[in-house]
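K.L.:
Quick mapping for you: the protein sequence lines, in order, are chains A and B. All residue numbers for the first sequence refer to my numbering, where the first residue is 1283 and numbers rise by one. All residue numbers for the second sequence refer to my numbering, where the first residue is 1283 and numbers rise by one.
Hint data in this document are derived by calculation from the structure and do not stem from the laboratory. Heads up, none of these hints are tricks.
The calculated label-pair distances, taken between Cβ atoms and stated as ranges, are:
| no. | chain 1 | residue 1 | chain 2 | residue 2 | range |
| --- | --- | --- | --- | --- | --- |
| 1 | B | Leu1421 | A | Glu1472 | 31 to 41 Å |
| 2 | B | Gln1287 | A | Glu1337 | 29 to 39 Å |
| 3 | A | Trp1398 | B | Asp1510 | 48 to 58 Å |
| 4 | A | Pro1382 | B | Leu1395 | 15 to 25 Å |
| 5 | B | Gln1287 | A | Ala1326 | 42 to 52 Å |
Glycine included, each C-beta is placed from N, C-alpha and C at the ideal position.
2 protein chains.
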Amino acid sequence: MNEVQYWVNGRQGALVNAAERALQYGDGLFETIRVRHARPEYLARHMQRLSAGCERLKFPAMDWALIRQELVKLAGQQEDAVLKYILSRGVGGRGYQPGPELEVTRIASIHPLPRWTSDPEQNGVRTRICTTALATQPLLAGIKHLNRLEQVMARTEWDDADIVEGFMLDHDQRLIEATMSNVFIVHGRELLTPELSNCGVAGVMRSVILDLAATLGFKTRVQPLTLDDVRASQEVFICNSLAGVWPVVHIEGLGEFGIGRITRQLQVAMQADESEDNGNWYIT
Amino acid sequence: MNEVQYWVNGRQGALVNAAERALQYGDGLFETIRVRHARPEYLARHMQRLSAGCERLKFPAMDWALIRQELVKLAGQQEDAVLKYILSRGVGGRGYQPGPELEVTRIASIHPLPRWTSDPEQNGVRTRICTTALATQPLLAGIKHLNRLEQVMARTEWDDADIVEGFMLDHDQRLIEATMSNVFIVHGRELLTPELSNCGVAGVMRSVILDLAATLGFKTRVQPLTLDDVRASQEVFICNSLAGVWPVVHIEGLGEFGIGRITRQLQVAMQADESEDNGNWYIT
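Extracted from the complex, chain A is given alone in its bound form:
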C-alpha cells in the first residue's frame, strides 16, 4: 500500500465539507493508531482517550459501538499500517457556538507505516530542544485535540533529517513532551515522565509503559521535570503509538546518552504485551 485512503462517516472518499468545524476552528479530536496483524493496537486505550476528549470538549453523546466497529473494520484491511481517526464536532453551528443540532463527523484514514531512515528502535535517536514553548491550558491538556499549531511551529524549527524529535518545554522551563511523542527518563530503578495537567498529550504508549513498568517492578513517577532532571538521568527514551519505545542517544546542547538496560527491558516486555490489549479490546 502506497496511497492514503480516506473514509468520511464510513464512506470511502477524501472529500469533506469546508464548513466542518475541524477545519474552521480545529474543533475536534484525533487518534493515531498502529495497525498490527490487521488489528488496531491498544484500541481500548485509544477509545478511552478519545472518549475523555469528547467529554472535555462537550461533544454530544457518541455511538461508541459504531466507532469501535469502524476502527476494527478499517484496520482489518491492512496487515501493518497507520490508522488515523478524526472526530470533528460537525458542520456549521453559529460561529464559535456549536449549537445542539450538530452531528459529529468521523474522518478515518489509513496510511503506510512511516519509513524510518535508520533502525531507531535498535540504534536510538538524536534529538534537540525546541524554542517553541507549550502554553499552559489545563482545559485542553492531556487530550489529543486538533489545535496543533504549537507542534507544527516546533517542527518547523529544524529540517536536519538526522534529528528525529524535538523536546518541548512550557513557559516555566518544565519539560512536557516531544513534538510527536512522550518522554521518559530513568533515575536508578525509577521511571519518571512529565506530569501533563497543564499542557501536553497523554499518549497511549505512555500509559502502556507506565503499566508495564509497574508490572516489571520499576517504580514510576509522574511529576514536573526539568532539563536538569534529564541531564541527571541514566537513560532517556521517547514513545508513541507508532514507534513504540525509542532510546534517545543524543540531545543537542545536553549531550550523549547510553541505551540502558531498563529501556531495553521495556522494549522486550512491550513485544510480549502486544497481544494482550489486542485480545481485550472487544470486552470493554
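Given chain A's structure and the hints, the job is docking chain B onto it.
P.N.:
Chain B only, in chain A's frame:
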C-alpha cells in the same frame, strides 16, 4: 441570499481534501470581512493581518495580488454580506512538519449577515465573563489563526440568547478580549484596550478604532487591563468587523453601564470613515 457559498482556490464548491492541514492541525489563518456596497470593507487592514499571520506561521511566499483580486471579486457578488477567507498551509506534509512542497489552499465563503435579535448598535448588549481562560502563547498572539478551541469552549458556557458576548481573561485574571470581539473601556477622555502580546486576536476593527480615536482627539492606551479597570470605567464597548461598535450595557457580575458619548461619537465617526479604507485598498 440565504445559502452559504464556498470557493476553494477560486473554484466554486464546498468540498476540500481531508488531508488539508487546516483540518488535520488547525494549521492556517482566517479573516472575517464585512462586505458593504459590494466591496470588502477595510481590505488593506485585513490583508495586512493575514500577511502578518503568514509570516508568523512561516507560510511560503503568497501571491497577494491574486488574493486581493479574489477578495474584491467575491465581495462584488453581494451588496451586503460576510466574506470569510481561510488560508490553509496546504495538503499533506510529513506529520507536523510542513515540508517545502506545500501549496497554500484558499477557502473562501460568503454568508448572509447575521440577524441580530435586537438593535445592538443602538441599544447595546448584555455580556458575561467566561470561566474559560486564554492561554499565554506569544508565538500565536495577535494573529487570527485556526486554533480556536478556547473560543469554542468559552462559547459553550452559555446559551441564553440575551447574552451576546462573553469576556475572556488570561490565567492571571487580565482582561484580553471577548469570544468574537475586542474590548474598549473609557476612562475620562481616554480609550483603553487590552494589550495582546501574550494572547488574543488583534482585530481589524480594534485598529480602526484606535486610529479613529486619535483623529477625534481622544488619548488611547493599549495596556494590561483588569476587571477592576472595567468596573471603574464610564463606558464599555466591544467591536469587530461585522458588528462595528456595540455598547456594553450589562456585564453579569459587574453591573450595568450607560451608553456614553464617546462610544456614540466613535459610531458616528466610523460611518463617515467607511469610504476611506474602501477607497484606499487598491493602492497598498
